[in-house]
Amino acid sequence: MDEIILAKTKDMNATHKKEHGNYEYYRHELVPMRKDGQCRISMYEIPPKQAAYPYHYHTKNEEAFYILQGKGLLKTPNGEKVVTAGDFIFFPANENGAHKLTNTSDTDKLVYLDFDTHNEIDVAFYPDSGKIGIWGKGINQLYKVQEQVEYYDGE
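Residue 1175 is where the sequence shown starts when you use this note's numbering, and the numbers rise one by one after that.
Since the hints were derived computationally from the structure, they do not count as laboratory data. Each hint can be trusted.
DSBU-like cross-link-like pairs, simulated, lysine-lysine; straight-line CA separation at most 30 angstroms:
(1) LYS1182 with LYS1245
(2) LYS1209 with LYS1191
(3) LYS1182 with LYS1192
(4) LYS1223 with LYS1255
(5) LYS1305 with LYS1249
(6) LYS1184 with LYS1283
(7) LYS1305 with LYS1274
(8) LYS1245 with LYS1191
(9) LYS1283 with LYS1192
(10) LYS1192 with LYS1318
Since the model is a prediction, treat every value here as computed from it, not as a measurement.
Kindly produce the complete structure, drawing on both the sequences and the hints.
What follows is the structure, encoded as structure tokens:
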């Protein structure tokens, strides 16, 4: 796609995902993933007492959030911080950028813009669960780090 995008969220269908316990979101894809694109932008709506994703960090893709509405708890390597409308958060592509954002409200949704860079291939680490995710070029898979094998295993 090589053209200007004008997105009206009120006219867009949101992707809804709730596959596990306290993880649920509605995502409006404002700038979709593109074959040669370098940026993906989404608006997330997180229901009360939910998070979109587990605690994680990327090794290639950077992320930035701008909180539009609501209040959340941001978990980082430096502890937890309350975030509210008007806050901007940047996550570098390394262990210092580890994060999890949880809606702390009992009644209101948490809404934020998510700006992501797009690099093939990205690796994400999930420190709380000991997982590693490999994303891109059709690989999109998760593994337990403890199931590591030797370099020549199976050769």
